[in-house]
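A.B. asks: Below are the chains, spelled out letter by letter.
Protein chains: 2
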Amino acid sequence: MEIKLRQNILAANDKLAAKLKEIFENKGIYVINLMASPGAGKTSFILQTIEALKDDLNVAVIEGDIASKVDAEKVREHGVAAIQINTGGACHLDANMIRGALNMLDLDSLDIIIIENVGNLVCPVEFDLGETVKMVILSVPEGDDKPLKYPSIFVESEVLVLNKIDLLDYVDFNLESLENGLNGLNPAINIFKVSCKYASGIDEWASWLKGQIRKKSKFLTD
Amino acid sequence: MEIKLRQNILAANDKLAAKLKEIFENKGIYVINLMASPGAGKTSFILQTIEALKDDLNVAVIEGDIASKVDAEKVREHGVAAIQINTGGACHLDANMIRGALNMLDLDSLDIIIIENVGNLVCPVEFDLGETVKMVILSVPEGDDKPLKYPSIFVESEVLVLNKIDLLDYVDFNLESLENGLNGLNPAINIFKVSCKYASGIDEWASWLKGQIRKKSKFLTD
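If you read the protein sequences in the order shown, they are chains Y and F. Residue numbers for the first sequence, in our numbering: 1 to 222. Residue numbers for the second sequence, in our numbering: 1001 to 1222.
So here's chain Y without its partners, still in its complex pose:
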């Protein structure tokens, strides 16, 4: 009974996510579903990404949190539209929450929407949001063994951002172990090493992202 209901919930979510995907494609909007543990640096990474894109592209952010609205406020300070979703306890965003947030955005003006999912390496990966790309941030202090422990999110993500590389000297983290773990799960994953605190590695990431958006969007003429 529990399993059956869960399947129904996921099937209903998938159906709605497919509709959202169609909307995003029709409007030429590139959508990132950004997932990570609590404290991996999702919001800092979004702020760095906004700074790297905002001269060329129209960006909006959807912030998912259990509680609080501080993340959306931080984003708005960077001159970008931000919608805060409070899940009221739920451990992930779902397509229905995104549909609600889209009503508050001017989709015709947007090139990219970054969705910050709830901080959680497990549950968000099961719920498609109609996104163009799923991404995971792993921060160096979390350890190089996370793909082994939480495999699904690393299998489903097209991009891995390794954040807080400025801490590599102060913690036990072996890049080779991380790469070995990823090779067994998702050898094609794109890895970007960044430090959001020192804004390092952001240029390479932003350049890759602009290339992806250029391929997908009808708006970006460069």
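If you are wondering where the hints come from, they were derived from the structure by calculation, not from laboratory data. Just so you know, these numbers come straight off a predicted model, no measurement behind them. Cβ coordinates follow ideal geometry from the N, Cα and C atoms, glycine included. Heads up, none of these hints are tricks.
In silico contact screen, one side only, chain F against chain Y (beta carbon under 7 angstroms); selected entries:
(1) Asp1065
(2) Ile1066
(3) Cys1091
(4) Gly1143
Starting from the known structure of chain Y, arrange chain F on it as the hints suggest.
C.D. replies: Same frame as chain Y, but now just chain F:
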């Protein structure tokens, strides 16, 4: 329908957890339900705790993970019984999983069981495991704003272990902000500041824990 079923699942879990609690109390076993984000240092903290207790107390560990059995193996290397639960994707342990693990332990010989929950700041807190005490580990690199973002786990926990304090000089973390956040949620929470990497702060924690066990257990005579 979804909410109703969820309530039923939680009610069934609570019922079984109450039975487990009775078993633990009858056997005089102190049980810790240890929760944290991925990579906060749960396993390292358990290993440090084992070293601090094992001359005086009989310890066992139940390791909850989505996948892999490396944590249980690490614990066994310290000469302590360890049962690995793989949740097969589920984002938390539940009372039924603990019941299964208990069948593999010699309860009459034990003073304390440490349960390492799945790395997740959201879902585990809803599922009682019959534990004596709920604890949360927060690691310094995760940031001082986590109580604001993930309030329930900080409300329900009797103990907060602040791990990786050796990184305080390298990240933006304000102890006062953390304490202010906790004051609004759970002013009575016991805070222990530790560095599992350098084994600092463990004595104070172990001393407090032994005091608690002494109060609860009929086995410890000191």
